[in-house]
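Engineer: Heads up: the sequence lines are chains A and B, in that order.
If you're matching positions, the first sequence starts at 0 in numbering that gives the first Met the number 0 and goes up one per residue.
If you're matching positions, the second sequence starts at 0 in numbering that gives the first Met the number 0 and goes up one per residue.
If you're looking for bench data, these hints aren't it; they were derived computationally from the structure.
Mixed in with the good hints there might be a few duds.
Identical chains blur together in the list; that is why a pair holds if it fits in one copy or across any two.
To be verified - In the SDA-like style, the derived pairs of lysine to any residue whose C-alpha atoms are separated by at most 25 Å in a straight line are: (1) Lys99 x Lys194; (2) Lys168 x Val27; (3) Lys95 x Gly231; (4) Lys225 x Thr19; (5) Lys168 x Val213; (6) Lys225 x Asn42; (7) Lys328 x Val273; (8) Lys225 x Gly107; (9) Lys63 x Leu84; (10) Lys160 x Asp23; (11) Lys95 x Arg140; (12) Lys238 x Arg257; (13) Lys292 x Ile6.
There are 2 protein chains.
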Amino acid sequence: MSNNKVIAYFRESAARIDQTMRLDLEAVRDPQLAEVLRYIIFNGGKRIRPQLTVLTWRLAGRGKGSGEEVLRLAMAFEYLHVASLVHDDVIDHSEKRRGKPTAQAAWGLGPAILTGDWLHSRALTLAGQAGGREGVELLGRAITAMVEAEFLQARLATARKSTQADYFKVAAGKTGALIGAACEAGIMLAGGDAKARSEGRSYGEKLGLAFQIVDDLLDYLGDPAKTGKAVGNDLVESKLTLPLLFALERAEVGDRARLKDILAYVPDSRRGCVGEVRNLIESYGGFVLARSKAEELLEAGVLSLAGFPAGPEHELLSGLAAYVLSRDK
Amino acid sequence: MSNNKVIAYFRESAARIDQTMRLDLEAVRDPQLAEVLRYIIFNGGKRIRPQLTVLTWRLAGRGKGSGEEVLRLAMAFEYLHVASLVHDDVIDHSEKRRGKPTAQAAWGLGPAILTGDWLHSRALTLAGQAGGREGVELLGRAITAMVEAEFLQARLATARKSTQADYFKVAAGKTGALIGAACEAGIMLAGGDAKARSEGRSYGEKLGLAFQIVDDLLDYLGDPAKTGKAVGNDLVESKLTLPLLFALERAEVGDRARLKDILAYVPDSRRGCVGEVRNLIESYGGFVLARSKAEELLEAGVLSLAGFPAGPEHELLSGLAAYVLSRDK
């Protein structure tokens with residue numbers, strides 16, 4: 000399937016997810032809670048997670064569960080994703096997200112935290128309604144992985160050291176777990192066995208990791224006009240992303256010492272070193288190696304779906320993997 | 000059953016709940032998350048909510064569910080209670096709880112919010128494991144009520160006006176809903192029908208409201224050496240509690256204007272008026288009326304259990320109602 004066809008499908012299908020969420024939110028009684036929810040949810044998200052639940056449910060044969068149930072389960076993953084963004088923005092004291100004031104900047108600390116709590120609760124309730132005990136457990140495991148990854152990331156930031164193993168552990172918890180669970184959920188609802196569930200989860204986890212690596216690449220190499228973010232943000236925030244970790248591993252003594260010096264600077268001084276760091280990463284092949292790692296993950300991810308029947312769902316899931324690599328924003 | 004016997008039972012039974020939570024927390028892998036969880040959970044709580052789930056389950060005849068399942072469901076209510084305290088402390092920028100630094104004072108904003116998220120998720124997962132879809136929905140409704148009550152309370156505080164109807168709406172959401180759900184959960188697990196569930200919930204909701212009113216009374220009339228709180232805290236925080244609302248309703252024009260003036264002062268000036276306000280409430284019968292409202296609620300609460308068989312559970316639940324009125328801390 001062509002990249003354009005894949006993009007068109009996901010855009011159209013996102014509108015259906017949005018419609019389902021709008022209907023669901025009509026039941027919210029408190030007017031301000033409803034307003035904050037709409038503000039943070041309808042903010043241009045691509046709805047990848049819920050779409051994956053719908054696609055994997057179809058892929059696994061639509062065995063059990065109605066179309067309505069799969070949409071409830073799908074919504075749960077978007078709600079959980081949004082909840083994690085809102086609470087992350089509070090924790091990071093972020094003022095802006097996608098160019099708009101964050102929830103706590105627009106509404107204050109209380110509404111931001113409480114709206115995240117509501118989303119957590121609604122997500123788990125929806126998962127229970129559609130998937131029973133197993134549905135709740137699946138979502139609960141993803142939340143645990145996300146929380147644990149945040150704790151680990153904070154410890155690594157304090158310790159100012161991180162290896163590739165740490166990087167993948169954090170990314171697996173923060174990004175891979177939820178996308179993996181969204182894929183596993185569709186197969187679970189369709190009645191897939193443990194093997195099928197694990198294959199679906201594996202696709203999602205690898206897609207999530209690759210997505211994160213491409214994010215890392217765009218941070219140094221992207222066009223700010225397209226990404227909407229300044230180049231080198233990750234360096235300013237002292238994040239040891241995969242391209243930089245490759246460079247640190249392979250750099251000669253002097254260059255490695257220079258990179259470590261820069262990482263110990265205050266943020267404003269690091270900002271002036273973005274070009275220099277980008278050149279060092281480039282010269283040690285950090286970008287090429289990170290990109291090839293993302294390719295490898297996506298290839299393995301698509302391969303884990305080999306046991307499922309061919310058809311449009313299979314093509315869309317492979318197409319999404321290709322899109323992740325090609326994206327420029 | 001004598002007050003002392005009731006207190007002894009609840010103390011002993013609290014130790015069993017603590018033991019169950021300690022075992023449950025052994026599965027937490029991240030060492031810091033585990034540390035924060037233990038810090039905030041084992042903080043001298045009376046474990047009233049989980050004990051109510053166990054007692055109502057027994058009251059309704061232990062029909063369905065094993066003892067292990069009822070403890071899982073019971074724990075869910077304590078986890079949810081603790082999660083709400085942790086997030087409330089973040090929202091209120093509170094430095095201390097029960098004389099110890101709050102989670103965010105001791106560990107920072109991120110660990111406090113994330114540990115609350117973990118507790119939310121674990122609570123809903125436990126409710127799903129023990130009570131399936133119905134268990135999750137029951138807990139989810141309580142969370143929604145709590146979040147909505149927080150939004151309402153914030154709006155009322157901004158508007159600087161509040162009626163008895165508002166007061167009861169906020170207290171029902173913040174305190175009644177969770178205690179009501181804890182009672183309903185035990186009856187649900189035992190296989191009780193809709194009527195029995197509603198009777199159990201009604202007992203819990205009224206117990207929760209009465210508990211809140213007694214809290215309001217202790218704030219003005221309690222012995223700081225026993226309550227551990229300064230007298231008149233609610234006035235300093237500009238909270239329109241029930242005794243004050245009764246006084247405002249019944250006061251003559253001049254006294255009402257004086258009370259409203261005091262409420263509009265800055266917090267430090269209000270602190271100097273606690274004695275004056277207490278005397279005004281007293282002279283308009285605010286304390287007597289509030290206490291009689293609590294008595295009325297507890298009587299009605301115990302009455303809603305009339306359809307359940309007599310026995311030790313019935314006596315303990317009536318005894319708890321009597322204890323709520325008699326407590327001095």
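Engineer: For the identical chains here, do Lys238 and Arg257 meet the 25 Å Cα criterion within one copy, between copies, both, or neither?
Structural biologist: within (16 Å within a copy, 57 Å between copies)
Engineer: First find the shortest C-alpha distance between Lys225 and Gly107 inside one copy, then the shortest across copies, and answer within, between, both or neither for a cut-off of 25 Å.
Structural biologist: neither (30 Å within a copy, 35 Å between copies)
Engineer: Between the shortest in-copy and the shortest cross-copy C-alpha distance, which are at most 25 Å for Lys168 and Val27: within, between, both, or neither?
Structural biologist: between (37 Å within a copy, 16 Å between copies)
Engineer: Please sort Lys292 with Ile6 into within, between, both or neither, judging by C-alpha distance up to 25 Å.
Structural biologist: within (23 Å within a copy, 62 Å between copies)
Engineer: Is it within, between, both, or neither for Lys168 and Val213, if the alpha carbons may be no more than 25 Å apart?
Structural biologist: Cα proximity of Lys168 and Val213: one copy only (17 Å, versus 49 Å across).
Engineer: Indicate which option fits the pair Lys328, Val273 if close means a Cα-Cα distance not exceeding 25 Å: within, between, both or neither.
Structural biologist: within (19 Å within a copy, 59 Å between copies)
Engineer: Taking 25 Å as the upper bound on the Cα-Cα distance, should Lys99 and Lys194 be classified as within, between, both, or neither?
Structural biologist: neither (42 Å within a copy, 49 Å between copies)
Engineer: Please sort Lys160 with Asp23 into within, between, both or neither, judging by C-alpha distance up to 25 Å.
Structural biologist: neither (44 Å within a copy, 32 Å between copies)
Engineer: Check Lys225 against Asn42 for me: Cα-Cα at most 25 Å, and say if that holds within a copy, between copies, both or neither.
Structural biologist: within (17 Å within a copy, 50 Å between copies)
Engineer: Quick one: Lys95 to Gly231, C-alpha cut-off 25 Å, is that within a copy, between copies, both, or neither?
Structural biologist: within (17 Å within a copy, 40 Å between copies)
Engineer: Given identical chains, is Lys95 near Arg140, meaning Cα to Cα at most 25 Å, within a copy, between copies, both, or neither?
Structural biologist: Neither: 29 Å inside a chain and 31 Å across chains, both beyond 25 Å.
Engineer: As a check of your reading, is Lys63 near Leu84 (CA-CA no more than 25 Å) within one copy, between copies, both or neither?
Structural biologist: neither (32 Å within a copy, 40 Å between copies)
Comparing the model with each numbered hint stated earlier shows that hints 1, 4, 8, 9, 10 and 11 do not hold.
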